[in-house]
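Asker: Single-letter residue listing:
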Amino acid sequence: MTIEKKNIQLGYVTLTDSLPLIAAQHLGYFAAEGLNVSLSNEPSWANIRDKTVLGELDGAQMLAPMVLASTLGSSGVAVPMLTMFSINLNGNGMTVSNDLWAQLGEVATSPEPLDVARAMANLITRRDRITTLATVFPVSMHSYLLRYFLAAGGLHDWSRVRIVVVPPVRMVSHLKQGHIDGCCVGEPWNTMAELAGVGRPLVTGYEIWQNAPEKVFGVTEAWARSNPETHRAIVRALARSSRWIEENPGDALLMRDRQLQVREGMEPLPNVKWGLDRTHRGAEHFHVFHKYAANFPWRSHARWIFAQMQAWNQIPTDVDPGVVARCYRTDLYREVFAESALPVEDDKPEGVHRAEWNDLGVTLGPDLFLDRQIESK
Amino acid sequence: MLVDDEPARAALLERALTDTGFRVLGRIDPEEDLVAVVSRVQPDVTIVALDSPSRDTLEDMASLSRDNPHPIVMFTAENDVETMRAAMRNGVSAYIVDGLEPGRVRSIVDVAVARFREFQALREELDIARCELEDRRVLERAKRLLMAHRDMTEKQAYEALRKMSMDRSQRIVDVARNVIEIMQLVSGNDD
Numbered sequence: 004m005t006i007e008k009k010n011i012q013l014g015y016v017t018l019t020d021s022l023p024l025i026a027a028q029h030l031g032y033f034a035a036e037g038l039n040v041s042l043s044n045e046p047s048w049a050n051i052r053d054k055t056v057l058g059e060l061d062g063a064q065m066l067a068p069m070v071l072a073s074t075l076g077s078s079g080v081a082v083p084m085l086t087m088f089s090i091n092l093n094g095n096g097m098t099v100s101n102d103l104w105a106q107l108g109e110v111a112t113s114p115e116p117l118d119v120a121r122a123m124a125n126l127i128t129r130r131d132r133i134t135t136l137a138t139v140f141p142v143s144m145h146s147y148l149l150r151y152f153l154a155a156g157g158l159h160d161w162s163r164v165r166i167v168v169v170p171p172v173r174m175v176s177h178l179k180q181g182h183i184d185g186c187c188v189g190e191p192w193n194t195m196a197e198l199a200g201v202g203r204p205l206v207t208g209y210e211i212w213q214n215a216p217e218k219v220f221g222v223t224e225a226w227a228r229s230n231p232e233t234h235r236a237i238v239r240a241l242a243r244s245s246r247w248i249e250e251n252p253g254d255a256l257l258m259r260d261r262q263l264q265v266r267e268g269m270e271p272l273p274n275v276k277w278g279l280d281r282t283h284r285g286a287e288h289f290h291v292f293h294k295y296a297a298n299f300p301w302r303s304h305a306r307w308i309f310a311q312m313q314a315w316n317q318i319p320t321d322v323d324p325g326v327v328a329r330c331y332r333t334d335l336y337r338e339v340f341a342e343s344a345l346p347v348e349d350d351k352p353e354g355v356h357r358a359e360w361n362d363l364g365v366t367l368g369p370d371l372f373l374d375r376q377i378e379s380k
Numbered sequence: 009m010l011v012d013d014e015p016a017r018a019a020l021l022e023r024a025l026t027d028t029g030f031r032v033l034g035r036i037d038p039e040e041d042l043v044a045v046v047s048r049v050q051p052d053v054t055i056v057a058l059d060s061p062s063r064d065t066l067e068d069m070a071s072l073s074r075d076n077p078h079p080i081v082m083f084t085a086e087n088d089v090e091t092m093r094a095a096m097r098n099g100v101s102a103y104i105v106d107g108l109e110p111g112r113v114r115s116i117v118d119v120a121v122a123r124f125r126e127f128q129a130l131r132e133e134l135d136i137a138r139c140e141l142e143d144r145r146v147l148e149r150a151k152r153l154l155m156a157h158r159d160m161t162e163k164q165a166y167e168a169l170r171k172m173s174m175d176r177s178q179r180i181v182d183v184a185r186n187v188i189e190i191m192q193l194v195s196g197n198d199d
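Line by line, the protein sequences give chains A and B. If you number the first sequence the way my numbering does, the last residue is 380 and the count never jumps. If you number the second sequence the way my numbering does, the last residue is 199 and the count never jumps.
These are calculated hints, taken from the structure and not from any lab test. Glycine included, C-beta positions come from ideal geometry on N, C-alpha and C. Keep in mind that a hint or two might mislead.
Stated by the list, open to error - Beyond 10 Å from chain B on every Cβ pair, some chain A residues (computed):
hint: 1; residue: M4
hint: 2; residue: I11
hint: 3; residue: V172
hint: 4; residue: Q180
hint: 5; residue: S229
hint: 6; residue: P319
Said to hold, decoys possible - Mimicking DMTMM-like on lysine to aspartate or glutamate, the simulated pairs with C-alpha atoms at most 20 Å apart in a straight line are:
hint: 7; chain 1: A; residue 1: K8; chain 2: A; residue 2: E232
hint: 8; chain 1: B; residue 1: K171; chain 2: B; residue 2: D159
hint: 9; chain 1: A; residue 1: K179; chain 2: A; residue 2: E232
hint: 10; chain 1: A; residue 1: K179; chain 2: B; residue 2: E189
hint: 11; chain 1: A; residue 1: K179; chain 2: A; residue 2: D254
hint: 12; chain 1: A; residue 1: K294; chain 2: B; residue 2: E189
hint: 13; chain 1: A; residue 1: K9; chain 2: A; residue 2: E359
hint: 14; chain 1: A; residue 1: K179; chain 2: B; residue 2: E148
hint: 15; chain 1: A; residue 1: K8; chain 2: A; residue 2: E36
hint: 16; chain 1: A; residue 1: K179; chain 2: B; residue 2: D13
hint: 17; chain 1: A; residue 1: K294; chain 2: A; residue 2: E232
hint: 18; chain 1: B; residue 1: K171; chain 2: B; residue 2: E189
hint: 19; chain 1: B; residue 1: K163; chain 2: B; residue 2: E148
hint: 20; chain 1: A; residue 1: K179; chain 2: B; residue 2: D159
hint: 21; chain 1: A; residue 1: K294; chain 2: A; residue 2: E342
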C-alpha cells in the first residue's frame, strides 16, 4: 500500500509528552515510513485544534478530551475528529504555591493522596479568600483530574474556588506573582515551578487516577478518510518511538532537554528524571509511553472523559454517547497493529485494579482512583 | 484590549486601531493576570495575536461567558492570510485581522463584533430552549413525587401545583422545585 501524502505537518506543544513525536522525527522513524514530516511547535491548544481543522496541520498531539470536544462542537464549530493512537498515560501533576503548601502543613507529604485531597478541600473552604487554581485548557485531563481531586476531597462549595486557564509556559510566572494559588499542568512545568522556588508539587495525576489517559494523536475524520495509509504510517512510527523512549529513558530525557533549550531557552533540568521524582508516591509510573497498552485508545477512557464533560456542563446531558466509539477508533488501531499482542476488549474496567493484571491478553497497569471509586461500565 | 507577546508589534497595531477610531483600553503583558484584567476593564473586543499562548485563557473565558462575553479577534502576520480567510469562512474561533494595514482593521473588527452578536443571540435562543426543556422535566418530577407520596392522580398533582403557583404568585416551575426539595427532605429520597 502506498501512502497518500508524503509531506506531512504535525503539531505539538512544548511538554515532556510531546517526546514521541520529537523522537520519531530525530530517529528517522517517520522517514523510514516514507514520510517527510515537519514538526510545528504550537503556542496554544486552540491553535492545535484550529490548524488541524483548517488542514494546515495533518495531525497533532492533542489533549485526549479535545477529539470528543471538537466532534461535539463544545467550543466553537463542530468538526469531527478521531484518534486511533494514545500518546501516553499519566504525565500531569498538581503544584501549589508555597503559601498553600505551608498552610496544608504535614499532610501535604502524607503517603495517602486522599488525605491530601481532604486537607486541600478543607483549606479551600475555610480560607478567607477565593482560591484560584489553573488548568491548561477547558477540555483537558488536567481540568477533570483537578476537579475530581477536589470533589473526592469533599469540596462542596465550589464558589470557594475559581478555575482558570493558564498556558503551561506561563504557570511558573503566574505562581510567582501570586495570580494563581496552584495549578494542574504537564511536565516539565511542575518541576520548573519547584526549581524556581515558587511552588511545591502536591500530587501527581497518577495518584488521582492511576494510568489515566493524557495525550492522543488526533486528526480530523475527513483527513483520516482521505489518508488511511498515511495515518497508519504515522502511528507505526509513533509506536516505534514510544517503545524507544521506554527502553532508552536517559537518551530520551536528553532529547527532551535539548528541545526545551531550543524552544524555551531553558537550561537542562538538573538530575530530574521524568519529573516529580521527589514526591515518591507513584513516581515510577509518572509517564507511561508504551507499556500497559498505553497506545491503545481505550473506549473506557473516552467514556470517563465524556461523563466528565457532562458533569461539568461542557456538553448537554442528552448528547448521544455514540460519540465515544466514533472518536476512539480501536478498530483502526487493531488493523495497524494486527501483528502485535492486542487487548481482547475495547473497554476495560476502570478503578478496580490495584496492581498489574493480565486478563485481557496484555499486561495492563493499575487503574484505581484516589477515592477507590469504581467506574461503572 | 490588546494581547500580544511582542511589544513592538502590539504598539504598531495599537496605533492602527487608534487611527481608525478605536480606543485601546490596554495592552496586556503576557505575565499579567489576563483573567483579572479582562474582568476589570470589560473591553468590547479583545484582540489577541494568533501566536500567543494566551489564546487558551481567552477561549476559556469566552466559553464560560461568566466574565461578560465579548468578541475575541485574532491577528496574525501577512503570510497567514490564507489561514485567516479559511478560519473566517469556517467560523473557527473568531475573526482575524490580516497584517497590520490600518485601513482594513476597522472593517474586520466591525464584522467580528457583528458576527459575535449574531452568535450570542443564537446561543441565547438555545439556552432558552434548553431552559424550557429543563422546566418541563422539573414539573414532571414534582408531579411524579406528588402522585407517589400524596396519592394523587396526575391531573390532581398538576392542579395542586397550579393552585400553589397562583396562591403564591410564583412561576409554576419554581413551585415544582420547592415541592421536590420538600418531598426529598420528608421522604429522604428522590422518587
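Asker: Of the hints stated earlier, which fail here?
Answerer: 3, 4, 6, 9, 10, 11, 12, 13, 14, 17, 20
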